[in-house]
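**Q** The chain contents come next:
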Amino acid sequence: MKINILKYKLITSFIIALLFSFNGFAQEEDASNYRMRFKFKTVKQPDNSRLLEVSFIGQNKKDRKDKVPVFDAEIKFYNEANLLGTAKTSKEGIAQLTVPENHNYTTDEDEYINFIAKFEGSDGLDEEEDEIHVKNLYLELNLEEIDSVKTVLVKAFTIDSLGVEIPLEEADIVISVNGMISKMKLEEGTIEDGEFEFEFPTDIPGDANGDIIVYSIISDNDDFGNIIQQKSINWGTFKTASIEEGNKLWSEAAPIWMYIVLTILLVGVWANYVYTAVNLFNIKKEGKELELKKE
Amino acid sequence: MNLEKRKRELAQEFSPLLEKTTKTSKIWIGFLIAVILVGVYAFFVQLFKGHIVTGMRDNVVWGIYIINFIFFVCLSYSGAFISGVLHFFKTPWKNSVSRIVEIITVLSLIIGPIFILLCIGRLDRLHYLFMYPRIQSPITWDIIAIMTDLIGCFIYLYLTFIPDFAILRDNSENASKWRQKVYKYLAIGYQDTPTQREKLHKITRTMSAMVIALAIVAYSVLAWIFSLTLQPGWNSSIFAPYFIIAGLYSGIGVIIIAMYLIRKYYNLEHYIRKVHFIGAGIVLLIISLLFGYFTFSEYFSRWFSHKISDANLLNTLFTRYFWMFIFANYIGVLVPLVILFFKKLRTIKSITFAAVIAVIGLWFNRYLIVVPTLETPYLPIQDTREEFIHYTATWIEWALSFAGVAAFILFFILIMKLVPVIPMSGIIDNEREQNKSKKTFKKIITE
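One line per chain: the protein sequences are A and B, in this order. Heads up: the first sequence at position 1 corresponds to 1 in the working numbering, and the numbers run straight through without jumps. Heads up: the second sequence at position 188 corresponds to 1188 in the working numbering, and the numbers run straight through without jumps.
Calculated from the structure, these hints are not laboratory results. Ideal placement from N, C-alpha and C gives every residue a C-beta, glycine not left out. All the pointers check out, no bait thrown in.
Quick partial rundown of chain B residues pointing at chain A, CB under 8 Å, derived from the structure: (1) I1155; (2) I1188; (3) Y1190; (4) T1195; (5) Q1196; (6) K1199; (7) L1200; (8) L1214.
When the alpha-carbon atoms are kept at most 25 Å apart in a straight line, the in silico SDA-like pairs for lysine to any residue are as follows: (9) A:K284 / B:T1204; (10) B:K1417 / B:R1179; (11) A:K288 / B:K1202; (12) A:K293 / B:L1186; (13) A:K293 / B:N1002; (14) B:K1181 / A:E286; (15) B:K1199 / A:V267; (16) B:K1349 / B:S1098; (17) A:K294 / B:R1179; (18) A:K284 / B:T1193; (19) B:K1307 / B:P1241; (20) B:K1005 / A:L290; (21) A:K285 / B:W1178; (22) A:K88 / A:E74; (23) A:K91 / A:E120; (24) B:K1202 / A:V274; (25) B:K1349 / B:L1289; (26) A:K61 / A:K91; (27) A:K239 / A:P205; (28) A:K118 / A:N136; (29) A:K285 / B:R1179; (30) B:K1202 / A:E286; (31) B:K1202 / B:I1155; (32) B:K1181 / A:F281; (33) A:K294 / B:Q1180; (34) B:K1199 / A:L292; (35) A:K293 / B:L1003; (36) B:K1417 / B:S1176; (37) A:K294 / B:T1193; (38) B:K1199 / A:Y273; (39) A:K41 / A:Y138; (40) A:K155 / A:K185.
Could you build the full structure based on these sequences and the hints that come with them?
**A** Shown next, in the form of structure tokens:
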């Protein structure tokens, strides 16, 4: 046995080396196998604050389904050269920064705001940078009942340097309501001359109080980015499901069908017993008559 | 054929069984009475000291009493079912076994419910069940079902006894006076006239169908006492048919054992023949296959569901109750299956052995349905005392259980002292049928 082990010493040590070789798994951690996806977007939120968001994810060059989020990477957000703030990516590879409504952005001559998101690189990862140009668009959402028709009215405009409202010429818009898991799309349309009107359906249940959160959303617009506006209103038709529990542990009476079934069963059985008893009496009667005849 | 002469012959043939008591049977009866008396003593101990003298506690509130209850009641239902089928379909070899089945049916239906009374802590409140019944409660359904079934079985048994009472009334000149009086009273003037015979036959046939239906309903209600709860191991939609199959399995097993003992100790080899054992054995084989299938389905779905409560229950079954589980669900099914499957193995003794294994296995099966479930409740057991966590039957419970079995056997013997275990009327009917077919055959030839 000893000789055998010595004989195959080389092979054995190779197998052991393979068994304990953790480097075999290091391939996954090697960034060179991954293509870095650095996506930057901005969302103008209902309170008119602006969310700047970076998604920083590595995608396997061979297996596209294999995605590894970059965690704890410091992202710097700029407006032109002015640093707006920094944020670190989460476990999902997302870094977010919210800029308050009253922030004064530097704009170019066409009123475009330039945002830059920057990752300055690390030992394993290269530097990444992305920028977007958006105009500041104002979205007004009004929910009104016009001639008893529940109507969603959206107004979209920009404000020039003189403070004059300029209606938005054309943009795609989506009207949604808040659902349990995600937003439910109600209508997809186009804002024309700064306005959009939509008749709200009458069969949306809403929450337990009948409240519905309505959203108007412009997404991935080349000039304005993402803009969301929302409002809550009591337009829901929610009705509490009134299921009457007829049979409770403490109910004095059983459900009526139980009485019916039990009665049918018992009457059927006992009728047969009575029928048997009657026949037995007849047999007895005949027996007595025969006895009397014999006597 | 001279009917009166034949009746007299049969009455003479069976009279030693009814009137003479051997020394061995006297000792045996004495032993049974002694066992019953020990049971009566145990009952009084339980009555005065309460359920503390039993192994039942807060968690395991049902012990071997309820197991005996299910066992006996299922035995009765299966007896009723088999007897009804034998009568209704006019099975050719029914005559030799029908009375054994009928006696088993009625006796087990009397003994079984006594065990449920032993489970009740406050017997003084028993009448509340009748005063304040809740129609929506399975317990109420069970009470109604058992009482209705008991009355139905009594009527049915009595109907099958009437022709024999009449034969004994007319041919028991040498019997004691009380016996003559009893026979006369119970025979209700039956003279075996064509109209009387037709009437009796008609109502017996209707009652046999009724008894089959009643047995199915009562079986299901008994199963629902368990399956309508949410307890792991009980809450199952197949429990009612499973109970029917299990009941039939034990019922046929007990019938085979009774046939063997009666044949041996009453020298009735001429009437209870090998063909009867093989017939009953084949029925046992079919039922064992069905029982095995239902048992597998029941445990397999529990195992596959991966519910925590079910997993705990199965874990208990495969650890603490390992051997009982193996006996109940493997040996109790496979041994009868193997014995009865091969033609060469089908002898009277081996078929009886298979029946004994099946009956013991089934009693264990009942134990495994009741006790392990109660030992694995949804809420953790607060009291850490051993007797609160695990159930063990005490001598009181065993004494009462054996007393029940002893009472069953004793009453069986006593009924066999009143009427022959082989229906004389059935023998005459068979002979009458044979003569009729012979006559028809002759007529056809001469024509």
